[in-house]
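Student: Please construct the entire structure, taking both the sequences and the accompanying hints into account.
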Amino acid sequence: MSQAIIQIEKLGKRYKGSVDYSLEDVSFTINAGDKFGIFGPNGAGKTTLISIICKLFEQTSGHVHYYPSNGNALNLGFVPQDLALYEDLTAYQNLEYFGALYKLPKKQVQLRALKFLSILGLSGVAHKKVKTFSGGMKRRLNLAIGIINDPEIIFLDEPTVGVDIQSKNAIMAFLNDLNEKGTTIIYTSHHMDEAEEFCDKIAILDYGKLIANDTLQNLFTLHNVSSLMEIMLLLTGKEYRDNV
Amino acid sequence: MYRLLTSIKKELILLINDKVGLALMFVLPLLLVFIITIIQDSAFKIVNNNQISMLVSNADEGELGKKLTNKLSQSGMFEVIENNGIDSLQLKDKIAKNEALTGIYIDKDFSQKLTDLSSSISTQMLVDFGIGEGEVKTVSIPSILFVHDPVLQESYCQSIIGMIYAHMGNMERSRMIESIYAEMGQTTVPEQIKNNITNNHINIERTPASKNDKMPTPNATQHNVPAWTIFAMFFMVVSLGTNIVKERNSGSFLRIKTMPSSFFMILLSKQLVYVMVGIIQVFLIFSMGAYVFPHIQLPELYLPANSIGMVVITLLSAITAVSYSLMIGALSKTQEQANGVGAISIIILAALGGVWVPTFVMPEYMQIISEFSPLHWCIEGYYALFLKNGNWSYLSKIIIVLVSFSLAFQLLTYIKFKVDKIT
Chain A
2 MSQAIIQIEK LGKRYKGSVD YSLEDVSFTI NAGDKFGIFG PNGAGKTTLI SIICKLFEQT
62 SGHVHYYPSN GNALNLGFVP QDLALYEDLT AYQNLEYFGA LYKLPKKQVQ LRALKFLSIL
122 GLSGVAHKKV KTFSGGMKRR LNLAIGIIND PEIIFLDEPT VGVDIQSKNA IMAFLNDLNE
182 KGTTIIYTSH HMDEAEEFCD KIAILDYGKL IANDTLQNLF TLHNVSSLME IMLLLTGKEY
242 RDNV
Chain B
2 MYRLLTSIKK ELILLINDKV GLALMFVLPL LLVFIITIIQ DSAFKIVNNN QISMLVSNAD
62 EGELGKKLTN KLSQSGMFEV IENNGIDSLQ LKDKIAKNEA LTGIYIDKDF SQKLTDLSSS
122 ISTQMLVDFG IGEGEVKTVS IPSILFVHDP VLQESYCQSI IGMIYAHMGN MERSRMIESI
182 YAEMGQTTVP EQIKNNITNN HINIERTPAS KNDKMPTPNA TQHNVPAWTI FAMFFMVVSL
242 GTNIVKERNS GSFLRIKTMP SSFFMILLSK QLVYVMVGII QVFLIFSMGA YVFPHIQLPE
302 LYLPANSIGM VVITLLSAIT AVSYSLMIGA LSKTQEQANG VGAISIIILA ALGGVWVPTF
362 VMPEYMQIIS EFSPLHWCIE GYYALFLKNG NWSYLSKIII VLVSFSLAFQ LLTYIKFKVD
422 KIT
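From first to last, the protein sequence lines stand for chains A and B. Take the first sequence: its letters are residues 2 to 245, numbered as in the working numbering. Take the second sequence: its letters are residues 2 to 424, numbered as in the working numbering.
Hint data in this document are derived by calculation from the structure and do not stem from the laboratory. Check each hint, because a few of them may be wrong.
Short derived list, chain B residues pointing at chain A, Cβ under 7 Å [said to hold, decoys possible]: (1) Tyr3; (2) Arg4; (3) Thr7; (4) Lys11; (5) Ile14; (6) Leu15; (7) Asn18; (8) Ser251; (9) Ser253; (10) Leu255; (11) Arg256; (12) Lys258; (13) Thr259; (14) Met260; (15) Ala291.
Quick caveat: nothing in here was measured; it's all calculated off a predicted structure. Beta carbons: idealized from backbone N, C-alpha and C, even for Gly.
Tutor: So this is what it looks like as structure tokens:
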């Protein structure tokens with residue numbers, strides 16, 4: 002049996018000024034080496050959940066327990082949906098800057114920057130300003146920054162949104178490779194086909210509550226369906242979720 | 002240290018790529034200082050160096066009108082243009098047509114009336130002392146018409162009238178002595194007596210309140226160079242404010258929050274870079290005032306004797322400007338807000354603070370309001386250095402105010418970032 006790396010226990014979040022909970026009584030466990038997908042309609046609480054796990058926000062109630070392999074603080078990587086890059090810096094300078102903020106030694110930053118630029122097909126443009134990059138190149142760089150600290154667990158919020166098929170293929174291949182080497186991956190996306198192909202365990206949230214948490218195969222069997230999209234529509238309905 | 006140096010490097014690269022911000026921080030102020038100093042220098046020269054044009058129509062049939070004209074001409078204050086063929090209405094018309102800023106019309110019986118007045122006073126004095134026997138006549142008072150351009154300030158008109166009075170008083174006293182001597186049967190007045198009575202014997206020693214002898218009076222350069230340098234420093238709000246908004250809205254600040262580095266280290270690196278920008282601005286603009294201005298017939302900037310005070314005020318001004326820019330960046334939701342609110346607020350604070358016109362010429366209530374502008378205290382700091390000896394007891398009050406402004410701006414920045422859950 003795999004060892005837990007993150008355990009979420011009765012997690013609740015209510016934003017200041019709001020009467021409703023964005024997250025309510027959410028509990029599940031993520032094991033080391035999982036490719037864990039968190040899904041749900043717009044406003045279901047996915048971003049809030051990831052933000053709390055990444056310590057960007059504080060929860061209103063409940064606990065998040067971290068179990069790092071080295072017994073110290075959990076070394077996590079975060080790849081936000083927004084392209085949190087500096088457009089006037091080169092790809093290499095972006096990696097150098099964020100690498101330094103991870104408190105990595107200069108030499109290690111340089112080696113890892115060159116390595117990830119090479120793996121993600123950005124070596125040729127390493128010293129070009131990011132503002133000259135295509136959407137796919139920026140996404141790949143965004144991913145490289147999130148893993149420059151060689152994290153044990155990485156959080157990916159829509160890592161392939163708005164990219165071409167080649168960049169998407171490169172990103173997903175790279176993530177699979179990382180996972181095979183032991184990195185736990187927490188992933189959210191609205192691309193159900195991609196998620197189905199990538200994730201081995203999923204959690205589905207709706208209206209801030211956890212409505213499903215199992216392996217993909219068990220969920221298929223349980224609901225007698227053959228795709229993640231069918232599960233989503235079955236559990237969350239077909240109504241629009243427009244938040245005004 | 003590697004983290005701080007890398008952060009500083011990143012800030013420098015972002016700054017160098019911000020062409021508009023650099024232009025606003027360096028090119029615009031250099032142009033402003035240059036243009037406004039040229040414009041204001043001509044105005045300062047009118048007050049300090051240039052002669053006021055005075056059209057004189059002397060219809061006096063005696064000699065005193067001519068004497069008064071000569072005295073005004075010799076005073077060095079006026080460029081006297083004599084046109085004796087015109088009457089008072091024509092004189093007024095010429096002043097209205099901007100042929101001169103001021104004019105005087107001396108009546109044809111000016112000498113006669115002044116002589117009669119002096120004789121009357123001297124006769125009265127001698128009768129009162131029981132020495133004379135003459136009859137004290139009632140005489141009409143001599144008068145001069147003074148015409149001036151309506152734009153000339155009241156205080157300036159009063160000083161010109163005062164000068165005319167002074168010369169007329171001298172002439173009147175001189176005539177009076179001559180009358181007294183004549184009544185006493187003396188044909189001539191000893192020159193020494195005449196001089197003693199007509200000349201001033203009180204010596205007024207004049208000195209500016211500055212220990213730097215090279216800078217006796219304020220001029221356009223001494224005001225504009227520090228004032229517009231401070232304006233330029235605070236205009237960094239456009240660059241730094243936008244920088245903060247961009248990073249926050251792109252998600253960089255949130256990403257940094259997941260990293261083991263302190264957010265304050267990020268802010269520190271920004272502040273170090275922009276404080277350096279402020280110091281470079283001072284160096285460039287002050288150098289232009291000191292070394293370029295004299296070559297283009299503008300007054301030279303004389304640097305203050307208190308060099309430590311100069312460093313302290315420059316550093317504090319830069320820190321206050323940086324703190325203000327951080328606060329605007331933290332409070333703004335969009336780049337447009339940071340640019341708009343930042344730039345407009347600086348223009349208003351500059352006007353209030355005395356960048357455009359010194360605060361001492363403002364109404365009293367505006368002078369009180371100006372104390373709420375951080376730019377006012379920065380300018381006061383430089384005024385204290387340039388014009389008031391760099392006196393530490395006066396500077397210390399300014400230092401305390403600037404530190405307070407900086408702390409308040411930094412505190413508001415911290416609170417806003419805390420509310421936004423960035424720190």
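Student: Going back to the hint list, which numbers does this structure go against?
Tutor: Hint 15 contradicted; others consistent.
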